[in-house]
Amino acid sequence: MEKELRAEEPRLMKGNEALAEAAIRADIDAYFGYPITPQSEIIEYLMREVPNRKDKKTVVLQAESEVASINMVYGAAGAGARVMTSSSSPGISLMQEGLSYIASAQLPCLVVNVVRGGPGLGTIQPSQGDYFQATKGGGHGDYHLIVLAPASVQEMADFVFDAFRLAEKYRNPAMILADGALGQMMEKVVLPPDGGLPKTPKPWATTGKTKDREHNVITSLFIQPEEMEKVNLHLQKKYEEMQSEVRWEEFQTDDAEILLVAFGLSARICQKVVDLGREKGIKIGLLRPITLYPFPYKRIAELADKVEFILDVEMNAGQMVEDVRLAVEGKVPVYFKGRMGGMISTPEEILQEVEAIHEKQNVLHD
Amino acid sequence: MNEKLLLEDGTELEQVFCRPDTLTDVPYHYCPGCGHSVVHNVLMEVVDELDIQDKTIGVAPVGCSVFAYHYMNIDMQEAAHGRASAVATGIKRVLPDKLVFSYQGDGDLAAIGTAETIHTVNRGENILIVFINNGIYGMTGGQMAPTTLPGMVTSTSPYGRDVHMSGYPLKITDLVAQLPGAYFVTRQSVHNPNAVRKLKKAVTKAFEYQMQNKGTCFIEVVSNCPSGWKMTPVETIKYLEEVMFPYYPLGDLKVPKE
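Chains as they are written, first to last, in the numbering used here: chain D, 1 to 366; chain H, 1001 to 1258.
No lab work stands behind these hints: they were computed from the structure.
Please read these numbers as outputs of a predicted model, since none were measured by experiment.
Misleading hints may appear alongside valid ones.
To be verified - To be clear about the criterion: a stretch of chain D counts as covered by chain H if any three or more of its residues have a C-beta under 8 Å from a C-beta of chain H, and this derived list gives those stretches:
id: 1; stretch: 22-35
id: 2; stretch: 58-65
id: 3; stretch: 78-84
id: 4; stretch: 210-222
We put the beta carbon where it would ideally sit given N, CA and C, even for glycine.
Whenever a hint applies, use it, and build me the whole structure from the sequences.
Below, the structure written as structure tokens:
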């Protein structure tokens, strides 16, 4: 069955629309959201398409704000539903309180952030400026989201399934951290199979107390410090277990003397940098973290032993580079190349940076 | 209910009042004389009488009643400050056959959660919103609420609420009654046994309307706060009658056209 559906013809779709279609096919029970550029196509697509799918009972509701959206997600997730929301940077900031509650109450759900340039109202152009917020918690208290960073329209669709699978496995909110370009650009995509994600039992959900069980309570309030510490220890143990879910991919790292590290759209650009560099005889490789939380510290540390230096490339002022430096522990120099505010480095610009550092390194060594 | 107790001298006593089955056997943490426990009792009595324990899901946000789930033996969700009606919306939309209510204080419903309150009612979400209005922030120690009366002394209006600085007390129930999504809107109290009986009738009606998918039912309970008001429970009842009810008149604000 899966093979047959997978054999579907590839379609040309926008990233946002491919993600929305994948959500329908993942049998979400509900979507709650509020329009914001550059991701409004997600709610528009769902509002347009869901009524045409007679076999789907998906709730799609436009809320009065992102604050309301994330709390509707909390309620629905607590009631056992497969539920998601989507927004872009300023709207995701508004959701941080709710996300902290969701993480503490251990509710599985999906939050999509199609990142735009900030800070403030910023710009509607693509950015990776929300890396810190996504991977380090984001709201108050000690918690983590599971964070997946797509780099293609195909992954915008596929990661909906992966995110729900992980969220439900760990009873933890998951985030797809994309950017405005991935949301808006059109690419070939083979959509995941409709109904290809079976529902998991949620005996803890508030579905109405029956005689055969105690009442279920969804809460993040543990007023006794001893209790609150226990909850925290449980969360930390869960995050430890999540480390086994770390994913990354590598391009030409076998003989690489220079390593690029980049995620999402930046990784797509860096693939081109690897090709351009190798044409010139520079042995460049690329590591692309697919999960940003958990982060591939160990693999980056291993590669650091084999390369001359590392260049971290992002569409921000340097956020993931802090994790790369943590992984490398000073074994080799780690440089950063980034542009902000919706500007994107070209492959040529990045290659020039590689060459300039390479030259400087050689001068130092001579 | 209806159990008989046989005394040593042979007298048979009939039990006429007891704790509702759906209320847990746990002492309330509420201050002596506070209206919360009475409203909890009323809600759970109705859940028992309508036999809807397995269908009812409650939402209790930040405020004195955030621990309502310690007392109500039904499935419940605790919510962030002000967000109870959004959380209730999320639950009801995915479980439309269940009966959902939120239980919110004045700061929660009429200050930080005003947008959620108005829009939930405006969508006609098929839920019951119970709004406890005691004109003060009880849990945080007696600060001014959106419903604090002019001149009323609180820890953040130590010289009495100055309406030129802090605005007027918000009659949000009157506002809500204007919205087409509201089906049944009433203002009740629990300051004497007759009032408690009236509240119980209103709660019963609200759950019945929800079973018929009629839209939002909204019940304000004008209540007291002996600790926050710095009065004895008896003094709070006098204050309710003489000061609170004239500003927040009891009675129905919107009743269904039968």
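- How does the coverage statement for the stretch 58-65 of chain D fare against chain H, requiring three or more residues with Cβ below 8 Å from a Cβ of that chain? holds (count 5)
Open item on the list: Tell me whether the statement that chain H covers the stretch 78-84 of chain D is true, taking a Cβ distance below 8 Å and needing three residues at minimum.
Closed with: holds (count 5)
query = Has the stretch 22-35 of chain D got at least three residues whose CB is nearer than 8 Å to a CB belonging to chain H?
reply = Holds, because 3 residues of the stretch 22-35 of chain D bring their Cβ atoms closer than 8 Å to Cβ atoms of chain H.
Coverage criterion applied to the stretch 210-222 of chain D (partner chain H; beta-carbon cut 8 Å; 3 residues) | holds (count 9)
In terms of the numbered hints stated before, the structure departs from none.
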